[in-house]
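Number of protein chains: 2
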Amino acid sequence: MDHVMADITGQYIKWYQQATGVEMNPADLMGKPEDLAFPEPRLIREFLHTPGFFLTAPVIPGSQSVIRELNQLYEVFIVSAAMEFPQSLSEKYTWLLKHFPFIHWQQIIFCGSKKAVAGDYMIDDHVKNLTHFKGEKLLFTATHNINMHDTGYRRVNNWEEIKDLFLLKNVSYN
Amino acid sequence: MDHVMADITGQYIKWYQQATGVEMNPADLMGKPEDLAFPEPRLIREFLHTPGFFLTAPVIPGSQSVIRELNQLYEVFIVSAAMEFPQSLSEKYTWLLKHFPFIHWQQIIFCGSKKAVAGDYMIDDHVKNLTHFKGEKLLFTATHNINMHDTGYRRVNNWEEIKDLFLLKNVSYN
Chain C
3 MDHVMADITG QYIKWYQQAT GVEMNPADLM GKPEDLAFPE PRLIREFLHT
53 PGFFLTAPVI PGSQSVIREL NQLYEVFIVS AAMEFPQSLS EKYTWLLKHF
103 PFIHWQQIIF CGSKKAVAGD YMIDDHVKNL THFKGEKLLF TATHNINMHD
153 TGYRRVNNWE EIKDLFLLKN VSYN
Chain E
3 MDHVMADITG QYIKWYQQAT GVEMNPADLM GKPEDLAFPE PRLIREFLHT
53 PGFFLTAPVI PGSQSVIREL NQLYEVFIVS AAMEFPQSLS EKYTWLLKHF
103 PFIHWQQIIF CGSKKAVAGD YMIDDHVKNL THFKGEKLLF TATHNINMHD
153 TGYRRVNNWE EIKDLFLLKN VSYN
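Chains C and E, in that order, give the protein sequences.
For the first sequence, our numbering assigns the number 3 to the initial residue and increments by one for each residue that follows.
For the second sequence, our numbering assigns the number 3 to the initial residue and increments by one for each residue that follows.
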C-alpha cells in the first residue's frame, strides 16, 4: 500500500510543512531513506504514529483505475506491512474502503513481515519485502529506492507501466 | 487465532448467557456451525461486531506455553482472518500483546482470506482455511468441526498434541 497505492511521501511533505513551515522538494528526498531525507527525522516517525496520517494519505495516480482492471483478470491481494503502527490498522482499512471500494475484505492482508505472503507476483517499493517472495518480484519506484540499481528485481516506475505489463497485449506477462 | 488460541466458543456461551439468561452446554454445540448452534443466531452475529468481544476472549488452555516453546524453534506466524470484522483488528492486536507478549509484531498477520498465506505447517479450525495451503495442514478440534471426518487433514485435539508433534523427540515432525 504505502508508496505504491498511498502517496506517503507526498503526505510526509505536506505534514512536514504544516509542522515546521519548511516545504521540502521531492527532488531533495531522492535516494534517501524515508525518514532521514528530512532535516528532522523525529517528526517523520511521529507522523507515523499520529491518528489521521494514514487515513488522509493521497492516492498514487493511476493505482485506482489499474487495480480496478487488474481485479477483473487477476486474484489481487492488497498487502500492507501495517503491524508496526497499530493505530494504522483501522485507518488503512477505512482508506481502502474509501479509495478502492471494489476491493473485497477477503483481499486485504495486514502483516508485520511479508515473509509468509505467497503469490505469483509481488509489487513493492522495498527490497526487504521482495527478498523472501517466491514469485516474480517488481520494485515500484519511490524516492527512497530511486538510486537502487542491480537489485535483481524488475523496476516499475508507475501504474502505467504495470498496466502495460499485466493488461496490454503482446507484453511480458500477458 | 479464533478457536485455536482464543476460546471464542467459551466467549459465545458467556455473552449469550449474559444477553438471554440461557446457559448453553458445550455438548449442545458439538458438530454445529458456530452461530447456528445457538437458538438465536442473530445474537452471535451481533457479538462479532460488538466492541470488547474479541478483546476479552479467554485463552485456549496450553496455547501460551506451547507457542512460547514453538517460538524458540520455529518461525511462528499468528494468522487471523480478522478483516470481516474491522473493529476486531485493534482488539486482536491488543489481545495478542496481552496474552502472547513474546510474539513480535512482525509475526502477526490479519487477513481476509488465508489463500495468500504460505508456510510449512498451518494449524486451523476451519477446513476452508486449510484447503488452499501448500504445506502440511492440521485441523484443530473445535465444537463446530468435531464431526468432520475424512477431511484429509491430520486432526489435533489440543495444544498438548501440538507439543507432542512439534516439540517432543521421536515423533512425527521432529
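Hints are computed from structural coordinates only; laboratory data are not their basis.
A portion of the hints provided could be inaccurate.
Note that the list lumps identical chains together, so a pair holds whenever it fits in one copy or between two copies.
[Unchecked claim] Keeping only pairs whose Cα atoms sit at most 25 Å apart, straight-line, the calculated BS3-like set for lysine-lysine is:
#, residue 1, residue 2
1, K117, K139
2, K100, K130
3, K100, K165
4, K130, K34
5, K139, K165
6, K117, K136
7, K34, K136
8, K130, K117
9, K139, K16
10, K117, K16
11, K136, K165
12, K100, K34
Structure-based check of each hint:
Taking the shortest alpha-carbon separations for K117 and K139, both the intra-copy value of 13 Å and the inter-copy value of 19 Å come in at or below 25 Å. In this assembly of identical chains, the alpha carbons of K100 and K130 never lie at most 25 Å apart, being 29 Å within a copy and 29 Å across copies at closest. Taking identical chains as interchangeable, the C-alpha atoms of K100 and K165 lie at most 25 Å apart only when both belong to the same chain, with a minimum of 22 Å there against 44 Å between chains. When the C-alpha separation of K130 and K34 is checked against a cutoff of 25 Å, the pair qualifies only within one copy, where the shortest distance is 16 Å, while the shortest distance between copies is 44 Å.
Taking identical chains as interchangeable, the C-alpha atoms of K139 and K165 lie at most 25 Å apart only when both belong to the same chain, with a minimum of 16 Å there against 36 Å between chains. Taking the shortest alpha-carbon separations for K117 and K136, both the intra-copy value of 10 Å and the inter-copy value of 15 Å come in at or below 25 Å. Proximity of K34 to K136 under the C-alpha cut-off of 25 Å is found in neither arrangement, the shortest distances being 28 Å within a copy and 38 Å between copies. In this assembly of identical chains, K130 and K117 lie within 25 Å of each other by CA distance both inside one copy and across copies; the values are 9 Å within and 22 Å between.
Taking identical chains as interchangeable, the C-alpha atoms of K139 and K16 are never at most 25 Å apart, the minima being 31 Å within one chain and 47 Å between chains. For the homomeric pair K117 and K16, neither the shortest alpha-carbon distance inside one copy (32 Å) nor that between copies (37 Å) is at most 25 Å. Taking CA atoms no more than 25 Å apart as the test, K136 paired with K165 passes inside one copy only; the shortest distance there is 22 Å, against 29 Å between copies. Taking identical chains as interchangeable, the C-alpha atoms of K100 and K34 are never at most 25 Å apart, the minima being 31 Å within one chain and 37 Å between chains.
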